[in-house]
Structures are given as C-alpha cells and as structure tokens.
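These are the residues of each chain, in order.
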Amino acid sequence: MIRKIVLVLAASLLWVGCAKKPKPEPVVEKAPAPVVSEPEPTPEPIPTGPSEAELLARRVQELLNQLLGNKVYFDFDKSEIKPEGKEILSQVGKILMDGPAGQSITVRIEGHTDEVGTDEYNMALGERRAQMVMQYLEGYGVPASRLAIVSYGEEQPAVQGTDPDSQAQNRRAQFTASARAN
Amino acid sequence: MQAIASAFFFFGLFWFLASSQVLGQDVEIRIDDPNDQKINLGLIEWTPRRAQDPPLPIEIGKILAADLEFSGRAKIVEALAWGPSTRELFLSKEIYAFVQGEYIYDGQQARVKSILRDTETGDTILVRNYEADKRRLRQLAHAFADDIVQQLFGEKGVAQTKIVYITRQGNHKQVALIDYDGANVQLVTQGSYMHLFPCWLRDNQSLMYTSYKGNRPQLYTYNISNRSEQLFIESKFLNTGCHFNPIDGEITYTSSVKGNTEIFRVHESGSQNERLTFSRGLESDASWSPQGYEIVFTSNRSGAPQLYIMDRDGSNIRRLTYEGGYNASPSWSPRGDKIAFCSMNERRQMDIFTISPNGTQLRRLTQSSGSNESPSFSPDGRSLVFVSDRAGRKTLYRMREDGSKQEVLLPKGENVSPEWSHFSP
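If you're matching them up, the sequences are chains A and B in order. Take the first sequence: its letters are residues 1 to 182, numbered as in our numbering. Take the second sequence: its letters are residues 1 to 425, numbered as in our numbering.
FYI, nobody ran anything at the bench for these hints, they're computed from the structure. Every residue, glycine too, gets a C-beta built ideally from N, C-alpha and C. Don't take every hint at face value.
Cβ pair distances, simulated, as ranges [unchecked claim]:
1) B:R364 - A:R180: 53 to 59 angstroms
2) A:K86 - B:N358: 43 to 49 angstroms
3) A:K78 - B:G249: 35 to 41 angstroms
4) A:M97 - B:Q361: 33 to 39 angstroms
Going by beta-carbon spacing under 8 angstroms, a handful of chain A positions derived as facing chain B [stated by the list, open to error]:
5) D77
6) T118
7) L125
8) E127
9) R128
10) A130
11) Q131
12) S151
13) E155
The following block holds chain B by itself, in its conformation from the complex (with noise of 0.2 angstroms):
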C-alpha cells in the first residue's frame, strides 16, 4: 500500500487522496505556482435520478469543469457515462479522480447530489447534497468547485466571488456586481448620477463607491441585501477612492485639503478618521496589504506619479517604483508577495506589470492589446481581473497572475473599475 502510494504520489494525487481520506486525515497540498503540474480530473455530467426528470437548465459539470480549469488547478476530461471502460479510458490518461452526481425535482426546487470518486476503487473522496431553486444553480455548482479545492488542495476556491464594478448605462454610470466568471449581472445604483471606483467592505456583503448624488463626489456605503445606500462622511471636500483592509476592516480613501489630495485612514464605522499623507503632491489610490500593516498608493511627490509604500500609521514612506514616468493604480495581491499597478507606455496607454514590494521582480502582464488598466486581485492571489479596451469599449478581462490565459469576462457594455470580493463567507 505504501510503495504503491509513493509510486503513484507524483501522477496520483488523487488516489494518494483518497487513501489519507481512509485513514481520516486532512491532507493540505500548497501548489504556489499556477504553472505547476495541473491535476487530471475525469468529469460526467450531472444525470437523472428518474429517467423522466427533464434535464437541468445548467449543466452543472459544464461550470464545474470551467471553475476548475480557471483555477490553474485542473485538466477536465468529459466522459460519457461511468463504466468499466469509463475507468480504463480515466486510468490511461492519468485520470484518478472523477466527479458526477444526480439530481431530482422537488417543485421548484432541484435536489443535488455531487461526488468525487477515486478512479480505480470508485471510493468517495467527497460528496455533497445541494438543494437550490432552479435559477439558482449556477450558485451550487460553484459552492461545488470551491469544496473541491478546499478538499484537495486545502486552499479556499474563489468559485463564489464576485466583482462590483462599474457600468455605463445611458448617460450615467450605475454600481454593479457579478459573478466571479461573468455570469448573473446586478446592478446596484440607479439615479441619474454618477457613480464611481467601488470597493468591498470587510463584511463581503457592503460596497463603497464614490457618488455625485449630492453633486459632489463623496463616498457613500451601500448594504447589497437591504440595498441601503448612506453617506459615508460627511464633508465639503472630494472623497473618493475607498480601499478596506481585511484585518480590522479599516478603510484607506482620497480627500482633498484645499485642492490637494491625501491618503486618509477611517475605522469602517466612520470615526477615527486619520490623515496620513502630507505631501505637497497629489495622492490617490490606496491598497492594502493584505495582513493591513502596510499601504500602497501613488503619488507624483516626485513629479510624475509613481508608487510608494507606507506603514498604516503613515510612517516609514518608501518609493516603489522607478521604470517608467507613470505608475499608478496599485493592487496589493492577497497572497502579500506581489503588487499590480499600471504603467504608461510610449503609445500613452496603460500596461499592468507586477513588482514584489521590495521593488524587485518587476513583470509585465499585458502588452500590444489596447490600454489596460485597474487590476484587482482574486482573493487567492492567483488571478486578476482588470479593464482593457483591446476590443474597442473598455469592459472587463481577467488573466492569471502571471500575465497568461487573458480573456474577457463581460463582452458586452462599458465596464471599468472591477474589484474582486473576498472569499464568500
């Protein structure tokens, strides 16, 4: 049994799995780089538990698969139907783990059962029972995929993320959210005002945005299930570019003290509001680390803006960044170990690059496709979502973060500013 599991542990990772499950160990694989070897994964569409039950208006393996691949983590591999054939075809193609499951009507409402077998004894390595109204499916296959990466990588899935962004409707720029691939478009603000640069609260279940309601720009709270929207601060002067950090929920956001902009520190509550810059030049665009010790932002203190680091408290000020006249847009990623920000090419339009936050390892991830701008990490760190005009109207692309798999998220309409959740509760 040992030898057979060393032997196999390189290319069977899932029999390895389904072994540890047996001895009822929690097994935790780290794999740090999306390049590192993808795990094979055999897939066989959700099916009937009685043959006269219509199909279901998703196929739940079909965004299973999509979440997975998306993921970095795994190669699907669809079969008809289970077999012994089924089994010879999975093991020949290194196929060790497979999922599949079945469902039932109940009125409305869909009964789910899905499973991940283990390939060569068929044993369940994990198995889960949904129930969901049938509109809400896409949400179960989801909440499927993430239990898989929880399960087999010992990592949280960003299956269930979502985006807020911003939208173009008509003359005025509205607040919205979707879904982590694109799917299920909400929109959040109506009013025949603008909206602009939201983020995510610590609660995952609030935004912030900037808002022209009260004909200047001012940062408004909005709760996504009462829809209340409140101001946030109130002030006479520009209030904009909201950041929170996941730690203590505090928020960094741009105010102007007479016509200049600075980066100031709020408790999410509204009280002990902080001004940490000083500078004579203009300051904007504040991130978080993700462990809230430090800030990231842009300043042209120097002239041109360009990136800097800071300690919470607004101490210990270090320039980030030197190549190039303009950096600006900084996203620090989940994961601690790099920053996305965009810089100015010669044609004038924006590129994304990565630099670790000693200012090494400097990486460009977008190049000759239009202007790109905004990156916003998903909360595993592993991918970005960000704005490019590529195709003619900016809207919303995502790509790994190492600059590959770039695809457009939401083909249609004028879409900007994205900022990726955090993990779902």
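Just chain A, with the same shape it has in the complex (with noise of 0.2 angstroms):
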C-alpha cells in the first residue's frame, strides 16, 4: 500500500518537474538590453523523494478520505449499534489507531435522525446515537479526547425522500475529521 503510494507521489512530482520547465522561447535577435541590475533566479530545486512530513500528510488525508465514507445505520426511534455498525466502527477505529497517522486525526460524530416525528425529540435522538457510537470507538481504544459528537437531528437528511429507502439512508451517524496539528 505505502509503496504504491510511493510510486504514485514520485509519479506525480516527475510530472510535475516537467510542467514546471520552461517553455523553448522563439529565437528572435534582441537588441542588447540596457544593463539593469536584475535578480538571479533562484534555481529551482531538483526535486527529490518527498519528506516524512509529505508522506504522513498524504496518508493522513487518505485515512480522512476512508473515514469519511463509513456510516452507521440505526433502527427507527433507536440508538443501539447494529452488528453491521460495529463492524464499520471497528474499521473506523482501526483507521483512527493506525499508527501516527491515524493518531493525528481528531473526529467529530455527528448525529441524524430521519425527518419521522418530532424535532426536538429528534435532536435528543441524534445527540444519543452520536454518543453511542463514541462510546464504541472509546471502547476500541480512540482516547475520548480525540472524539467529539454534535447532533443535526432530522435537519440534515443524506438524501431527500420520505420512502422507508430514505429514511434508513437518513437515519445515522458520519464522520467529519481533521488532522490535528502536531
């Protein structure tokens, strides 16, 4: 995986190296230019294998990438984690323990209901669901320090729809993360 990543950077940064050379200028006679005290051009540096920071950085915004993708599911009026949650969590928790990369990111566990009953119990619902699943990637190890939960309730459903299809897209939680500085 790190290899490939590897391969891809160096990929990247070569073709970068040839976009950034100069373009062949037409070969037109010139007068000779009046003598201006002009700055030398820093020469640009020959691109080299990129840093450890470069490298934690890139695998920090994969991981991010990852994370983002994974939801939990849950039952109507309900905030208990299904089998199907626990699994995504573990994977979740795996990628927030997964080295120093994975430990420089911090989360934020957002809570959603569907748009079925009442607003203000549907708040009260997602805050739950939001806590559950922080509890269980605290039980995996993530330090509560680096979790947060915020509740959205039914106000920001994943997709529009009032089918039972809907709804259960609508019922969950996600993910948004950050990397920490240090």
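Take the two lone chains, each set in its own frame, and fit them into one complex as the hints suggest.
Pasting the structure below:
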C-alpha cells in the first residue's frame, strides 16, 4: 500500500517537474538590453522523494477520506449499534489507531435521524446516536480527547425522500474529521 | 329599563353593555367555549373626515373584522354607511352594536378615531383615538380589536400578539417573526448556520433559540428591539429546546449529559442552573404549566417517547399519555386545562391531540391532512398555531383549540417551530 503511494507520488512529482520546465522561447534577435541589475533567478530545487512530513500528510488525507466514507445506520427511534455498524466502527477504530498517521486525526461524530417524528425529540435522538458511536470508539481504544459529538436531529438528511429506503439512509451517524497540527 | 335589559340579555349583549356603561360599571362576561353563541357585530368601514382625503392604504374595518371573527366571539355584518335604514337592518339581524371610524391625514401620520356604538341608541360604548404612521395602521386595527374584546368580554385579546418561527432561507434556517394573523414577516437572524426551536422570554421582547453558530447546538438570547444576540450558557454540550414560564421567567431547556439528554431549569439570567431529570432515557421538549408549578415533557424512559409531568423541582414524575407508541412536543394551554401534543399515526405521520393534565379527555384535532406537528397555544388558550405539510411543504397553520377552523397562516416558504408570544405588554 505504502509503496503504491510512494510510486504515485514519485510519478506526480515527475509530472510536476516536467510541467515546470520553461517552454523553449522563439529565437528572436534582440538589441542588447540596457544593463539593469536583475535579481538572479533562484535555481529550482532538484526534485527528490517526498519528505517524511509529506508522506505522513498524504497518509492522513487518505485515512480521512476513508473515514468520511463510513456511516453507521440505525433502526427507527433506536440508538443501539447494529452488528453491521459495529463492523464499520471497528474499521473506523483501526483507521484512528493506525500509527502516527491515524492518531493525528480528530473526529467529530454527527448523529442524524430521519424526518419521522418530532424535531426536538429527534435532536435528542441524534445526540444519543452520536454518543453511542463515541462510546464504541472509546471502547476500541480511541481516546475521548480525539472525539466530539454533535447532533443535527432531522435537519441534514443524507438523501431527500420520505420512502422507507431514504429514511433508512438518513438514520445515521457519520464523521467529519480533521488532522491535528502536531 | 330592567325588564327590557333582561329580555334582551341573551340576544342583546351589547345593549346590556351599553346600559352598564351608563351606570359606570365594568362588565366581565366570560365565554369559555368558543362554540358558544357569538355576538353579532355591525361594521361600517372607516371614512375620511375630509371628503378629499385619499383612502387609507389598508381597510381598518376588514382587519378588525378578521381579528374579531378569528377570536371566535363575533360574527361581523358589514354595512356601507350609517343611517336610519342601517339601524333597522342591524336591529333586524340582532346586531346590537357596531363599529365605525374616521381618519384624517397629517403628513405621513394618520389620526384615526375608532368607535363602538350601541345600535339602538347610537350611544358610544368605546372610543379610541390613535395616531400612527400610515405603514403601521394594521397595528392600530389590532389594538382596537383587543380593546373591544377587553371591553365586552373582560379578557385580553390576541390581535397584537406575534409568532416566532423558523424559516428556510436558501440552505439555512433563520428565526423570523410574524403578526399573529400571518402579516408582517420580519427576519430576525442571519448568518450561514442553522437556527432551531425559538421561544419567547418573559419580557415578550426577547427570544431564545438554538444556533449552530459555534459549530454545535447552543442556546442564544436575542433582544428584538436592539437586535443583539448573546450566547446564553457557555457549554461543551448540546443545549436546545427552551421554554420559559410567564410567572418568574425561569427557563427549561434540554441539555445532554454524556450524550443522554435531560431537562434542566435555569433562571433567565443564566444563573441557578439545575438538572431536573435523571433517567437513562431521552428527555426533551419541556413546557411549563401556566402558573409555573409543573412541567410537561417528553421522555422515552418507557422505551418510546411519551409525555410525563413533573413538579417544577423535578419531583413527582407521572406519566400522562398511554395511547399510541409515539407522543411528543407538548404545549400547555395558558388556561391550564389542557395540553396539546403530537402523536404518531399508523402512517408514521404526526397528528395533534389535546389531553387534560390528569390524563383524561383525549381529543384528536387533526386527521387525514398530512403530518401535523409543533402545536403552540395562543396566550388566551383559544387557538393553536402548528406546522403541517398538508399542502406539500411544511408551513404554519392555525386552528381553534377544538380543532375547528384550520387554515394556513403563512402560505409561502418552508416554515416550522412556531411559538406564540405572550400577550403584548
């Protein structure tokens, strides 16, 4: 996996290097320009492999994207995590515990509900769902200091629609993630 | 005189009142059931004192008529002008009093005289002189409607009240205000974040609502007159769902304790914060009883959301609803005798019901008309504002407390979470 990333990186850096080559200018006879002291053009650094920090940052970005693809779904008016949800949360836990890269990620867990039921109760239910997810991740070993929860109740559906399938997709917890500076 | 008065009493309330005025007494007549007999009231549209003055930009009489008809207390019969034939007409229709008025322009101001008269004698029962900017004439009509209700029924009218609600503006939800009759939309909040669940505070000039301004739902207060917003309680946790009690201004709200929502009570200054519920279930949507002794709220401690009542200190919790598997969003009538709430029906849509605080007299107010949510009583307890999606998008509707006269209040836009203000100060 890592090797693949390095390859991709090397290829992309090569491409960047090519792109930065100055285009050959058409040869035009010019009168000798008046002597003006121009700043010496700084020589471009010779492309080398990506630094440790760059690699880490790329790895973090990749993990973030993986993380954001995960959603935990709930039954109507329930906040218990189902077996499929536990599998997903184990993967999320792995991502967050993955060496220095995963551990530099902080996560906000969003709890959502479908549009069925009342707005205020759904706000409470969304909070509870987010909390259940947080508890599971804490159980997996992710320190609480890297986790936060927020409820959106029924305010931000993943999909529009009032059919049972849309509702099932909206009853969810999902993640917004960011990399810590240190 | 006495004999005539008693003979006319049931039909001629106005006549009776006119007589009372002569005796210099205040009359209090309480009509508790809006289905009770209505009073017939004549109306003659306001006329210019100087013939050359242009018509007013609004018809005061029409607004007044709508106010009084909505109050459920009066049936309005309009006539074109006052004269002997109108008097006969009114009396033949058992209209023992009528309203009329005149106005005179004074620059941008209009000076308006509004009069309630006894039909038979022409005596003045009530007269009010108002002066208002031409753009504020609706308020003036509402004020006279409330004066009439106060004079004739000894009760405060709701014609000058407002409703706070949430309106969708593009991708964001903002707090807005309207007059109780749906006129005069006023946007309160701005900003590219979500606002939810507004409520009025005791002074009737301030609001509280949930805002995601700080990236998580927190309670903010907002002063309408100076347009200032302030974070109410600094907290790391969810704070939402406020409701104040009109007696001492204390506020209930929902806050999460380790992800589990509970009901809290706090002084309007933000001090004396006290947790009231200690259950493993979810608690939300607290609403005060009108005297501030009790609090009704939603809890799923039984496994599904149901209504419970507790004393103001969190003690003496008793379950209120048993029918149906999902009951929530209670609003206690300011009269104290009933609690409106919504209940999920077999199509997983909500309908509005009322129940008495002792759990009897369950009554269904909406049926087979989309999903109906978020009931909030008018301050006189005679009407409710609520949200329905019966015509497509969710917006505000109103109805009588018995479910009759359901009508759209705000036809445009997507609007939710209404709360009716207290009486105007």
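Going through the hints against the structure:
1. B:R364 - A:R180: 53 to 59 angstroms: At 54 angstroms between Cβs, range holds.
2. A:K86 - B:N358: 43 to 49 angstroms: For K86 of chain A and N358 of chain B the Cβ distance comes to about 45 angstroms; the hint holds.
3. A:K78 - B:G249: 35 to 41 angstroms: holds, 37 angstroms
4. A:M97 - B:Q361: 33 to 39 angstroms: violated, 57 angstroms
5. D77: holds, 7 angstroms
6. T118: holds, 4 angstroms
7. L125: Cβ of L125 of chain A sits 6 angstroms from chain B, so the hint holds.
8. E127: Constraint on E127 of chain A satisfied, holds at 5 angstroms.
9. R128: With Cβ-Cβ at 6 angstroms, under 8 angstroms, it holds.
10. A130: With a closest approach of 7 angstroms, the A130 of chain A hint holds.
11. Q131: Holds, about 2 angstroms.
12. S151: holds, 6 angstroms
13. E155: With a minimum Cβ separation of about 6 angstroms from chain B (threshold 8 angstroms), the hint on E155 of chain A holds.
Violated hints amount to a single one, hint 4; each of the other numbered hints is respected by the structure.
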